[in-house]
Amino acid sequence: MKRRDFVGLTGLAAGALFLPSLPGFGHTPVDPARLLEPGADVIVKKRLADAALNAAKSAGASYADVRIGRYLNQYVFTREKQVQNIVSTESYGVGIRVLVNGCWGFASTSVVTEASLAATARVAVDIAKADRIVQREPVQLAPQQGYGEVSWKTPIQQSAFEVPVKQKVELLLAANAAALDNGANYINSALFQVNEQKYFASTDGSYIDQDVHRLWPTFSATAVDTKTGKFRSRSALSSPVGLGFEYLTPSAAEQIAGPAGTNTVGYKLRYDLLADAALAGKQAKAKLSMKSVTPGKYDLVLDPGHLGLTIHESVGHPTELDRVLGYEANFAGTSFATLEWKAKNLPYGSQEVNIVADKLQPGSVGAVGYDDEGVKTREWDLIKEGKLVNYQKIRDQAHIVGQKESDGCCYAQSWEDVQFQRMPNVSLRPGKAKLSVDEMVSKVDKGIYIAGAGSFSIDQQRYNFQFGGQLFFAIEKGKITEPLEDVAYQSNTQEFWGACAGSCDQSDYRLYGTFFDGKGQPAQVSSVSHGSATTRFNGVNVINTARKV
Amino acid sequence: MAILSKDEAQALLKKVLSYSTADECEVSLNGRTTGNIRYARNSVSTAGAADSVSLAVESRFGKRSGVATCNEFDEATLRRCVQRAEEIARLAPESPEYVPLLGPQTYLSPPSAATTLLTAATRAQAAADSMNLCAAKKLTAAGFIDGGARFQAMRNSKGLEAYQQSTNTDFSVTVRTADGRGSGYAIADVTDPAKLNTKVLTQRAADKALGSVNAKAIEPGKYTVILEPAALMDGGDLSLLGGLVYGLDARSADEGRSFLSKKGGGNRKGEKLFDERVSIYSDPLNAEVPGNAFDNDGLPTKRMNWVEKGVVKNLYYSRFWAEKNKVAPTPFPSGFIMTGGTQSTAELIKGTAKGILVTRLWYIREVDPQTLLYTGLTRDGTFYIENGAIKFPIKNLRFNESPIIMLNNVEAMGRPQRLAGCLIPPLKIRDFTFTSLSDAI
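Protein chains in written order, with UniProt numbering: chain A, 1 to 549; chain B, 1 to 441.
This is chain B alone, in the form it adopts within the complex (with noise of 0.2 Å):
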């Protein structure tokens, strides 16, 4: 029962709200049905599934609240899960940051499911395509294939009723040379599982993997760089575009402690941080890269700017920021969209004279959260292009560049790809600091 349809969900929400005596009560339920399978050293690791639906009650009386989750769905049990959120809620002091329930909303309709998803045996095949591949030519893959469904309904005694459906998988692999010389790296996330191609990502990797044998020490110091979509966003860590557009928080900014802190007081929203070709987005009904509905506080989501040419578009506004500033809240959105060019990542190069391809950047932590200076390493295929070409595979480097520094010095946009349900170009930027080298391979 992994997966409730819309209809089944509400019912079953629509009962437990009736045995509510609180004053205002908001019931959700969230589903999923996923498996996974690990692979290393051209041999599998690890696999197994997962598949779980669990209901959640809050209750309020007056400012007061209190939460209970089940995952039984009896009627004995689903009557003692909102009797018992309402006894902590009677017995949980007044919340000073109290916002009432949201009423009744209307939401977009994201094409964000699939109708068919990998079965443990197609995922097996996905691996052995990647394995097989790297095996026949002496490589070695380590990689993972992890994906399914989800769902996620809610409603409310104010009148809010949302349902959402959504597939994702995700594949990613890293190539090494048996003699461990060499490593390559690919990634993709889909929303139909029918499009992930784990035999063209593979090759991808491998060939990045035997490009960089025999890699040559370069000086550190400041490069033009190219920065494949991989190395600017990371779904699971912090990354270079991630910790900036996962940080346009208003109420960090208003109390001080954030890069969009203004002198003075107050956020820098209105100000032009950015080159004026920076414009980030995000829109649930894009095509590509489809989000969600509503945001966890069942806010509807729409399209909305983040930076528009340079410009600090909007902030993050929690709902109890948003009232206590008047102005309105902002769902928080599942992915971001930055806009590019149309060139592919090949054509950049072709295009740069001097400068450093980078695939992949590695354990980015935040040096000083006053400049959002962050430190990290390149990581399975870093190159040195010449003349429009790569000339030669070069060591690993050590950075300590601040994402706002790096969207002022852009120099080229190539095509938005998929990465981590975020859509992002390959940018090319001038002066990225390098610290020192690395003799990881």
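If we strip away everything but chain A, and leave its shape as in the complex, we get (with noise of 0.2 Å):
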């Protein structure tokens, strides 16, 4: 493939180092071409390393770890006809924990060389040792084994990168007409793609390499009315996806038909971004004349696709240890689930409630080898049957509640972020027997069928929420009737799960996921993708959001 290729067609980007912000997004602007670059061979990786872990070790460290990082992205951003702006980008340097008589320091730097390394790792001891007077509470790492020199890439059939910048490019203005083309009057789309090429050792004796792939196709079309002033958007009901381009070739077999009478399609590991854009024109439009919803008690059918950001705040977000023990007290805030409330033994749920937490799914943005303190990845449940039974931990945390290891799910945002604990994927459980999301609404006598992911709020110990989405049908005696507008959901956390009536079998799973989860100060994203299958949740407080300003 010639370099013009990847070449051609970049260079809007006169905003480039002024794009709203967009954080965990490498800063250097490349040219495309750069991104197909190989890094640093591991032979000089393991050089590099080792020279930060010994001078850290020399200089009173107890522990140390190093994460040798090259974070390259593209973004795509276009609206109607034209292209807004192409960037690529890519960050290259080293992260360096240390830990000195039970506290930690951390020093960062770009320059990547032994003596660079071997000095940056100095700094964090120095750090290290400033804060003794303001620790309390000495570190404890659960141990770790180390693992020798390994590797893992996330299992992509195409690089996004390695894709034209003209191709992507083609493909979202063919998505943008489609929208303009079935009713929409404005749309804007964007292609995220993110690699992450990470080099982790440890003087646990790991040294590991990894090569992780994302992509994100998205849109949101909107549909105006100058004569009544009104407008209305649609988002697209693509995911962030642990995939590479493969995503976005249109496969039937990934694809499921929402329920009889709403026109809607969920998908699975592939997308059909024309197909979901020419009928986001068409909704977005509609969506101006739909009946506004009376609000009251319904029972809601959730399609993954808006069900997964519900999951996200209600159920992962409070399992986050460092939550549930205060660390984000000032910032993201704690958990209703604390120590004493899980002694309890109350009920989380209802019995159908089967939450598990992984970063090993095919497909989920979640998924690597190795998490970012050399731990390997693995499975393990959060809820069974409707009771919470663990949270999400990394090493300093397992002893808190008195476990012997971490659950891996420790990570960074860039080699210049210091690692700390981080949501993997959280996903509910299929139902286990038979049902069709046909079946699910047939037997619902008064509720709403919503689909796609919409405003959210939670408060911050995650009890009271609030969720709107992108599609909401009526359903009446087990039919679907006809769209609505202007619905949102208010529940409490534990009253929610309690009201949950049951799962669509594995048949309709899918992952729904997100990019930009925040947490941290300073502030750091991270992606995670939450599985589910349609759910049924009974009697669930609806209001209208409509108001006359």
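Don't take every hint at face value.
The list that follows gives simulated cross-link-like pairs (lysine to any residue, SDA-like), each with its CA atoms no further than 25 Å apart [to be verified]: (1) 326/B <-> 185/A; (2) 137/B <-> 133/A; (3) 230/A <-> 24/B; (4) 230/A <-> 313/B; (5) 262/B <-> 288/A; (6) 222/B <-> 498/A; (7) 432/A <-> 498/A; (8) 230/A <-> 98/B; (9) 230/A <-> 255/B; (10) 166/A <-> 272/B; (11) 63/B <-> 84/A; (12) 138/B <-> 339/A; (13) 158/B <-> 24/B; (14) 230/A <-> 272/B; (15) 272/B <-> 228/A; (16) 282/A <-> 228/A; (17) 137/B <-> 340/A; (18) 324/B <-> 80/A.
For the record, the hints were derived by calculation from the structure and aren't laboratory data.
Note that the structure is a prediction, hence the values are computed from the model and not measured.
Two chains, each in its own frame: build the complex with the hints.
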């Protein structure tokens, strides 16, 4: 492939440095061909890492880890018939974390030489020593075996970076045209592509080389009625995925129809961007004259592309052990699911609620071989038959809950940020009995089917929440009757999961995901997926969000 | 070399420009030196420092443009950076939104930079002051201090030359009672770190934590509220006032997809949308919240009225949208100032027969962009007011409210305080809509 094919069409990057804040994306714009160049060889990286580890140990560290990271990103933004921005970025550097007398220290550098890494390791040791005056709880690390020299790669079929920029732009512009031809007045579309080339080494004897890929095509189509001044939008029903460009090759086997009468389509591990954009154009326009919901109690039938966000906020976050313990008290908040609450063995939800955490699911954005402190990833239960059985932990937290090992969910958004506990994939297990979404709807007397994620808000201890959506349909006497607008539901985490009346079977299972889960100060983003099948919740409070101003 | 002086920066930029063979070329330098410390459970959790300078080169041939950056400054690297920007520009398609680079501009000199900064040791001490106060009272502190200096310099082939330096330090602390039944919050940002007093702020948060134990539940509904500045503006997330003032965009309004779109087409600039006591402006020379001298396009900032006596006076016009609509482009301000009254929050409480004091709002998200309906919750100190005094703490509440409706229901305004680079008064608002209760503390 010729260099020109990659570079062609780049350069509308006039605003490259002044993009709306996109945390987690690398800093240095480069030309797209650069994204195909190999990073440093593992032999070189091992030598560099050893220089840092040796310097840290000599300076007094009882433990040290080194992350040599090359973070490559490309994002393409378009609107209507034009390209707004194409940015390719590369960020390369090293983060070094040390433990000295039970106190963490961290320092990073973009100068990747043995001398620089040794000096940076000593800076990290100095910071750890300086902070001793404000350290009241010495760090206790769960023991971790060294894995020696190992590697892991996201199982992708085609790297998105190998696809010429021109082809990606044409795809987005074709999607824009499909939405505009079908009723939208405006559309913004984007393609986010991420490649984390991470080399981890620690004094435990691990040297882990990983090549992680993620992709997210998305859009928002808007229809405007200038006469009434009303406007409505419909966002893409795609999901961020741990896949290559193959995600954008439609496959009938990876699509599943929504309930009869909704004309909605759910996507598994392949996405049909053009079909979804065309449908979004129609639906955005139709939203301008849909019936406004009557507030009240409804049985909700929630599609996985919607339910994933509710799982994220009401199960994913409250079961993060750092929140439970108070480390996020000043920012992201704490959790109702404290150690004391768990000890009471109170129900988190109904018997139908079985929630699992993992960093393994193929196609998920959370999938990696090892986490950012050298722990092999795994799967474990968080909620079994409605009872909370475990939390999400990293090495310095395991002892607090009397456990001996980390769950492998430590992550840093880049080499220059310190790693900490981040949410793994958190998913609702599908129902064991065969059940289609049509069969589920047929048993609902008065309900609403909701597809796609919308507005979301939850309190800092994860009790009270409110969620909107993209598409809403009334269910009456077992049938979808008409589309609705202005729908949001308010509930309480335990009440909501207590009202869970079961899920469709494995054949309906899909992943929802996000690229921008935020936590920490300074804030860091991470990517996470949430799987589920369509699920029913009985008697949930629905409000009408229409206002007159 | 993180903070270059004006002369150093311009000399470097001049050299880079001399390598350009493009029709137009604009070069800019951004640098920062910052440090932070984070603590929780009365103990430090993380600390770090960052030091960086980067150069960006934008080259243009006709309406084609390319950008390249570097963070090393030897001659070979600088030449390569210019060449790469030119290569990319030659291959780029023509931009339909092309606007020529700005020529020479005259800039104000905002007093945005203090002379001294916090060191790792003084940051640790400031954190220790906060934690020690709490530990002594058997309270638990979680906080964050982050600050330092930045500079930005620009120069282009049309004769534009710009330089500015600024300093800023942010502090926030959440104090909780040991049993987790009370929580309080305080936040501040300062240009001069010498003015940061973590003890006083932590004491304020501690008082709120102790005062919020044994919160009672009240029925959700419409209430008179006193919203403290932290309930109105947030430096990092959507806020009631932030969503409004940072959403004063002409283009989305003209396109019919904003709360400022006019029925039948066009925007609502010039219309009275809020109570006549509502005035919001920006002023880079304000001594309490000095702003930037220029925005990212190099446009000089100046004092501008955005809302005057309830009337929308200005919208943000990018250079492209301004040219298309034959109006002057709007420099984007680094902060906003809302005028208020002279009363303190305590005095506002004294003048309130029945109402709710809100310390902070949290997790605000847009529910409907058409009406700017937002939802979110109170947090870290919510109290019931009766007959001019705080009667008891109340459980947190979820609201569904639009800042447009809120700014039509103004009862009183207090003395503006600095928050997130803005000056914001506490506001007393009637009929603020709470829709459900939360058990969160």
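Right, here's what the structure says about each hint:
1. 326/B <-> 185/A: holds, 24 Å
2. 137/B <-> 133/A: Holds: residue 137/B and residue 133/A sit about 19 Å apart, inside 25 Å.
3. 230/A <-> 24/B: Judged against 25 Å, a Cα distance of about 42 Å means the pair is violated.
4. 230/A <-> 313/B: Satisfied, since the Cα-Cα distance of roughly 23 Å is no more than 25 Å.
5. 262/B <-> 288/A: The hint holds at about 16 Å.
6. 222/B <-> 498/A: Not satisfied, since the Cα-Cα distance of roughly 29 Å exceeds 25 Å.
7. 432/A <-> 498/A: holds, 19 Å
8. 230/A <-> 98/B: violated, 31 Å
9. 230/A <-> 255/B: holds, 11 Å
10. 166/A <-> 272/B: violated, 47 Å
11. 63/B <-> 84/A: holds, 14 Å
12. 138/B <-> 339/A: holds, 20 Å
13. 158/B <-> 24/B: holds, 7 Å
14. 230/A <-> 272/B: Given pair residue 230/A, residue 272/B holds - Cα atoms ~20 Å apart, limit 25 Å.
15. 272/B <-> 228/A: Between residue 272/B and residue 228/A the Cα gap is close to 20 Å, so the pair holds against 25 Å.
16. 282/A <-> 228/A: holds, 18 Å
17. 137/B <-> 340/A: holds, 23 Å
18. 324/B <-> 80/A: holds, 18 Å
Violated hints, listed in ascending order, are 3, 6, 8 and 10; each of the other numbered hints is respected by the structure.
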